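Undergrad: Read in order, the letters of the sequence shown correspond to residues 1 to 1100 in the working numbering.
In short, the hints are calculated from the structure, not lab data.
The structure displayed is predicted, hence computed values, not measured ones.
The reader is advised that the hints may include incorrect statements.
[Stated by the list, open to error] Simulated restraints, written as ranges between beta carbons of each label pair:
id, residue 1, residue 2, range
1, Tyr1085, Lys443, 32 to 42 angstroms
2, Arg205, Gln707, 39 to 49 angstroms
3, Thr682, Asn634, 45 to 55 angstroms
4, Val166, Lys775, 32 to 42 angstroms
Positions of the beta carbon are idealized from the N, C-alpha and C atoms, including for glycine.
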Amino acid sequence: MADQIPLYPVRSAVVAAVAANRKRAAYYSAAGSGPGGERHNRYQLEDESSHLDEMPLMMSEEGFENDESDYHTLPRARVTYRRRGIEWLVCGGWKFLCTSCCDWLINICRKKKELKARTVWLGYPEKCEEKYPKNSIKNQKYNIFTFIPGVLYEQFKFFLNLYFLVVSCSQFVPALKIGYLYTYWAPLGFVLAVTMIREAVDEFRRFQRDKEMNSQLYSKLTIRGKVQVKSSDIQVGDLIIVEKNQRIPSDMVFLRTSEKTGSCFIRTDQLDGETDWKLKVAVSCTQRLPALGDLFSISAYVYAQKPQLDIHGFEGTFTREDSDPPIHESLSIENTLWASTVVASGTVIGVVIYTGKETRSVMNTSNPKNKVGLLDLELNQLTKALFLALVALSIVMVTLQGFVGPWYRNLFRFLLLFSYIIPISLRVNLDMGKAAYGWMIMKDEHIPGTVVRTSTIPEELGRLVYLLTDKTGTLTQNEMIFKRLHLGTVSYGTDTMDEIQNHIINSYSQMFAQASGNGTSSTPSRKSQSSTPKVRKSVSSRIHEAVKAIALCHNVTPVYESRAGVISETEYAEVDQDFSDENRTYQASSPDEIFPFTSESKRMGIIVRDESTAEITFYMKGADVAMSSIVQYNDWLEEECGNMAREGLRTLVVAKKSLTEEQYQDFENRYSQAKLSIHDRTLKVAAVVESVEREMELLCLTGVEDQLQADVRPALEMLRNAGIKIWMLTGDKLETATCIAKSSHLVSRTQDIHIFRPVTNRGEAHLELNAFRRKHDCALVIAGDSLEVCLKYYEHELVELACQCPAVVCCRCSPTQKAHIVKLLQQHTGKRTCAIGDGGNDVSMIQAADCGIGIEGKEGKQASLAADFSITQFKHIGRLLMVHGRNSYKRSAALGQFVMHRGLIISTMQAVFSSVFYFASVPLYQGFLMVGYATIYTMFPVFSLVLDQDVKPEMALLYPELYKDLTKGRSLSFKTFLIWVLISIYQGGILMYGALVLFESEFVHVVAISFTALILTELLMVALTIRTWHWLMVVAEFLSLGCYVASLAFLNEYFDVAFITTVTFLWKVSAITVVSCLPLYILKYLKRKLSPPSYSKLTS
């Protein structure tokens, strides 16, 4: 019978779509009634015609006003054709082919087991025909065997590390051996050891977390009674008992509860990010059994659909075979207990239907992409440039040698000698720097509660051009305040709420008076004294009806700490005696017992019976778009909704309908039949409910306000001044989104707003885009469905136009659309994007952006856990970007280039040394000198650059315009890199030639003089680079110098101790150091005087 139910919603949706199309056709034909009107119509009707394929988006209306078909001559819209043939193969086609082959092989090797629907017998796991996955949680990346290969692969896929591995391995070949093995293996070993230890610690922590979760004990019900079982040993078909505040270990169907009502609450914030509790209902057949052990005395099974991703839907049936006739009950989402949720009230017993990787929570965890910062990519490019320079230099040396003897061996030896051009310490320094920035962000008391979850991209915070933000809970507080009640003829605001209170008190006191029977005679006399008896009575009764509907039509339940329960109105008197108000909390449970609110239906309903009069009433509330077609005809609803939306209020329409006993019984039968069907259950249930949702009596319209978060306006103002373009992506309706955009100053008061008209096909999108193109400097507001149509046909044009707008608001956006917009901006502009949100629906957008920021909000922690940075309030984003973003980028740029300079200078000295000594491939410094140079002698001062700052935090916040310079990427570019290369060549040349000119008799003195001068030069160069001194920097400088001086006593195999202590040595070293550094200090002074950077003008 269930399968014969007509599917009304489908039909009505089609009719609505046809009607909407007619409306739009009428609008466009009206628009086209002027000159060229026929043409408008033609584009409307020939939707997919060839004309539109050729038709460009035009700058003016002229094309439409000429009757000749002259648009063919206008420049064509950009169309990209795929390159085929040899050109395609060379330009990246081979990569595509290789990856396709690899994917195909992988798929063959590990064929995924097909997921199937299942029949689960209560308490008999052995009856399952299939083998289901083990119920263990596994978040580890590696196991014992894959750990070392996995970590090594992750390290050596970087060009830098792979290069060093090759260089180090070459030292095992005797002909290529240069100096000691440890000079190459020690730095590489250190880098790998640090990485492996860090990975091992992370992996061990993950292992411990998993072990803790898997070894949690649960009570399992068996024929012999209760037994304790580990979470990882739970199987499909087991009956598991879960206590209050205990995590649910696997996906279960809810059979019994200790609550008398047969229902319980669960917390789902770890699953869907929502903080409100959800009400779950036990299967009535098993809830009615007298004792717990009776679950084994019945023969029953659950039929469950195959495992799916959707956490908000479930279809199944419960069948008891041993009764006559067999009992069938439909199972929906309200009868399920998903894994990773927590029982909030009572004790529950459930039968396990999905385990391990088939549970909803595991199926919904996606592996987020590894984010790599722009700075890292730029440095990677520079290391490749250095590699080319290294090869070129080696070839030049071999050429000047005259290709004598085994020249290829000499070439390889030169490659090894100059290998310090590419510094191995670059990665270590940068990674340690990133960790330091993360620590500084978390320790900043101006932005308390900020957490850095991805430590690899703090520099991205200083390069952002687009900020995409959610509205509810991000810009607003997500705390609804009741502001307006509209009854059609009369409207009540915050200042007149006391009138509503008086009306309610009067109407209830009259009802009690009539019910009690005494004092009925005094009621009319009191009423007759009233000034406006008739109107007052009608308004009073209407308010009474409206407030009663609001009070009943929801799913909020009072919950008490001692015992959670649903309290009916008759119990109120006893409740107030037993429980204090402090002990009571209200929980919104969704879904509702009757017709839950869904994002598709946008409404919820409840059917109640009045115990005193036995009247049955169907109450319903929902969004105006859904309710306007359900309620009886009226002339005020649409207008008032618009008015409230313009004030920034969110609206709800409340209606009711009285049902006769026959109507209700008929509905009840059809509804339970629809709930039992296995195919298209949702559609059939919706069809039955829709049959009752007709000609409802409109009771009232309510408006609630979602207030802006603290200091949102100044924060947005600061971001706009910093040159960041802000896009607001929200699921809310157009009017509310527009209103919040104005009130938050996302759109400034003087700016125009262009509201993109709804479009459904190519022709309409074309005309609307042309209309938008003629507007200048105005904010764009566009709805999700119109956006979808425009992206289908005119993606490039729409993004190009939208990027020119000062602000963009996309309303009615789905979570996938939000992520799609982020990806479009990345592809079309190539600029860095940042997404900020607070709910589970923002996770996909946060993960897609180059930098994701989550706010710990009312909707739970899901967004903040998925984000790269987590903050507690929107206003903190200003300091995070302006201060920490700026410092991280500037410091990393300086640090990276200085480390490269450190390698370049010693390679230049080697080149000079080799060329002077007849191009011999002999190392200048050997053994410990090379290791010490890169570590103990210069490490601390160089790393102290992470404490440097060019502008005080107060200045950076006061002048956000300084941020615009950062997005141009001038701190690290080929220009700045070349300047450092020239400095290195100059200093290396001076140090080496100076030492060669000044050395006497022994070669050992050259090494002593040049190396000491080199160390001093490096320390002075750090001092030259620093813009703001910190006491730790001074300590680092003197500590390094002290280390060098102390180590001279032990380095007698390299240095002549007697010579080092002479005055000659000191003046020669000082002279060389002064010549190498003084010109640079003079140049820096002149540059600061003649063309100071923008920030120095502010600080002076």
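Undergrad: Hint by hint, say whether it matches the structure.
TA: Do the hints match the structure? See the list:
For tyrosine 1085 and lysine 443, the Cβ-Cβ distance of about 35 angstroms falls inside the hinted range of 32 to 42 angstroms, so the restraint holds. For the pair arginine 205 and glutamine 707, the supplied restraint of 39 to 49 angstroms holds, since their beta-carbon distance comes to about 40 angstroms. Against the hinted window of 45 to 55 angstroms, the Cβ-Cβ separation of threonine 682 and asparagine 634 comes to about 31 angstroms, which falls outside the hint. The hint said 32 to 42 angstroms for the Cβ distance between valine 166 and lysine 775, and at roughly 58 angstroms that hint is violated.
Comparing the model with each numbered hint stated earlier shows that hints 3, 4 do not hold.
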